[in-house]
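K.L.:
What follows is the residue order along each chain.
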Amino acid sequence: MTRRRLTGAAGALLPMLLAAVPALADDAGPPKLDSGDTAWMLASTALVLMMTVPGLALFYGGMVRKKNILATLMQCFVITCIVTIVWTVAGYSLAFTPGNMYVGDLSRFMLHGIADHISKGNDTQAFVLESGIKDVAPMTTTIPETVYMMFQMTFAIITPALIVGAFADRMKFSALCIFMTLWSLLIYSPVAHWMWAPSGWSAQNGQLDFAGGTVVHINAGIAGLMCALVLGKRVGYGNENMAPYNLSYAVIGASLLWVGWFGFNAGSAVASNGRAGMAMAVTQIATAAAALGWMFAEWIAKGKPSVLGAISGAVAGLVAITPASGFVLPGSSIIIGVAAGVICFWAATSVKHMFGYDDSLDVFGVHCIGGIVGALLTGVFSYGPLSATDASPDGSPGGLNQLWIQCQGVVATLVYSGVGTLILLMITKMLVGLRVGEEEEREGLDLVLHGEQIF
Amino acid sequence: MKLIIAIIKPFKLDDVREALTPLGVQGLTVSEVKGFGRQKGQTEIYRGAEYHVNFLPKVKIEVVVPADLTDQVIEAITKSAHTGKIGDGKIFVMDIERAVRIRTGEVDAAAL
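From first to last, the protein sequence lines stand for chains A and B.
Just so we're aligned: the first sequence equals residues 849 to 1303 in our numbering.
Just so we're aligned: the second sequence equals residues 427 to 538 in our numbering.
Since the hints were derived computationally from the structure, they do not count as laboratory data.
Bear in mind the structure is a predicted one, so any value in this text is a computation, not a measurement.
Take these hints with a grain of salt, some might be off.
[Claimed, not checked] Cut-off 25 Å, straight-line C-alpha distance, at most; resulting in silico cross-link-like pairs (DMTMM-like, lysine to aspartate or glutamate): (1) Lys1150/A x Glu476/B; (2) Lys1152/A x Asp494/B; (3) Lys915/A x Glu458/B; (4) Lys1152/A x Glu476/B; (5) Lys460/B x Glu476/B; (6) Lys914/A x Glu470/B; (7) Lys466/B x Asp971/A; (8) Lys915/A x Glu470/B; (9) Lys914/A x Glu476/B; (10) Lys914/A x Glu458/B; (11) Lys1081/A x Glu476/B; (12) Lys1150/A x Glu470/B; (13) Lys460/B x Glu1088/A; (14) Lys915/A x Glu488/B; (15) Lys460/B x Glu1291/A; (16) Lys982/A x Asp1242/A; (17) Lys1081/A x Glu470/B.
Whole structure, please, built from the sequences with the hints as guidance.
P.N.:
Okay, structure coming up:
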């Protein structure tokens, strides 16, 4: 997802870009497929899907109470199914067709035209994202569009699934189905378009987001906070024991997230190359640093290094390195990791209790705060030669200018996703209501909503 | 006949069983239970949320013995389950009216 956005950052680059585009078309002919790149992207797609089912499902399922485990697993599983259909029908089109700078159009409605270059069972040319737009350099890949569409679909799936943690234990299942359908179409697709379509305004603004720090994590994190605020606290919050029922599920889930994240970050190079290699390296390093950061912070502040703390820190590190992977060097990734671990520890343990909202599984504290830490530090530590392309040989080195651009992207996402989520929650509330009744909540969602129990 | 009920720390169960066998105790019943005494509970912390857990896991042993063995059994349990720290548990003794071995129909002392 990176090559395209290093395009129109500065006006000075535009002439260069304009010169480059026709040259590509004239000399090289139709872009060629690369079997190595395609193989890596097929594998990455499967890895990112594994992050949601079973990774995130187990991570969240392990942290809720015994009576809500199945319901939480079900939410992640069904979001996977719903978003797959939504993405196929219109989501992909709204995110990755030219449209305008804020949202795509419906030219890929029902994936219409995705088979245009297929002959004798194979694509005859690689996918070019947004070719032929005036003043915008298209993103040329070396993989078929089907693979690109599928890879992006797995991102579209995990983003709404992340929100589940904020309203765990209390949302109606019917409300979840409606809300997630609307959210995927009206919030996720446009925000993805801003950043990852070369004509999107964030891309044009020169923002750096390698694998989804703003698009995925800030987006889902602020939506989670809005859900927690609108739905209100769980019955008994603050008085009753809401300890996780099975933290070993959560450890398995976090570990699957870690492994799957190599597809998320290294896969975002959309190629099997050096940038993917660096993305993988900094992902591993930042994650370890963040897990240790949270662990030591907790050890010092609370007296014990907890298992839940270590895995939460690892996830915070994965979140924070997401926008930076592919742009930063290993040394910087340690700083990003430690910062994410310590700051997210503070957000999840202190800020939440200070303000009293019940973000049950810390979607805001880990994903939104971690995403912001990562997005801003990307603007500080970005290493020019890594982000450089033929079109912008200097890349986007970190500095005050880049940091300011990153701030704009963060604020825009917070505002759009925050306000949009509020509106969608109100619509859902009018249609079917948001919360189960108090008695149903005490009984547990597994039995009341699904008629099943884990044992 | 006496029923001796002992609530002990779970990891002391094997020590207690080994201490009772030489006395001629032929069988006993064990359950995993939860409860609190002077030890009260313990505190668990999950991402800064503190929960006071009031009921701690314990093991309950029930053993029926001839009345003349009672003191020896109590002494054996007291010694083998002892750590000296809070939470070691308690022993209760009750009278038993009858005992029957289901397989043979034997009653009272012969049934133990």
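K.L.:
Holds or violated: Lys915/A with Glu470/B, Cα cutoff 25 Å?
P.N.:
20 Å, holds
K.L.:
Taken at face value, is the distance from the CA of Asp494/B to the CA of Lys1152/A at most 25 Å?
P.N.:
50 Å, violated
K.L.:
Can you confirm whether the C-alpha distance between Lys915/A and Glu488/B stays at or below 25 Å?
P.N.:
32 Å, violated
K.L.:
Assess, step by step, whether the Cα of Lys1081/A is no farther than 25 Å from the Cα of Glu470/B, and give holds or violated.
P.N.:
21 Å, holds
K.L.:
Taken at face value, is the distance from the CA of Glu476/B to the CA of Lys460/B at most 25 Å?
P.N.:
Holds: Lys460/B and Glu476/B sit about 20 Å apart, inside 25 Å.
K.L.:
Within 25 Å, alpha carbon to alpha carbon, are Lys914/A and Glu458/B?
P.N.:
Holds, because 20 Å separates the two Cα atoms, which is no more than 25 Å.
K.L.:
CA of Lys1152/A to CA of Glu476/B, is that 25 Å or under?
P.N.:
Distance of about 13 Å is within 25 Å: holds.
K.L.:
Holds or violated: Lys460/B and Glu1088/A, Cα atoms, limit 25 Å.
P.N.:
18 Å, holds
K.L.:
Quick one, are Lys1150/A and Glu470/B close enough, alpha carbons at most 25 Å?
P.N.:
11 Å, holds
K.L.:
Next pair to validate is Lys914/A with Glu476/B; report whether the Cα-Cα distance is within 25 Å.
P.N.:
Holds. Lys914/A to Glu476/B sits at ~18 Å (cutoff 25 Å).
K.L.:
Check the hint pairing Lys982/A with Asp1242/A against an upper bound of 25 Å on the C-alpha distance.
P.N.:
23 Å, holds
K.L.:
Within 25 Å, alpha carbon to alpha carbon, are Lys460/B and Glu1291/A?
P.N.:
Status holds; Cα separation ~22 Å.
Of the hints listed earlier, those the structure fails to meet are numbers 2, 7, 14, in rising order.
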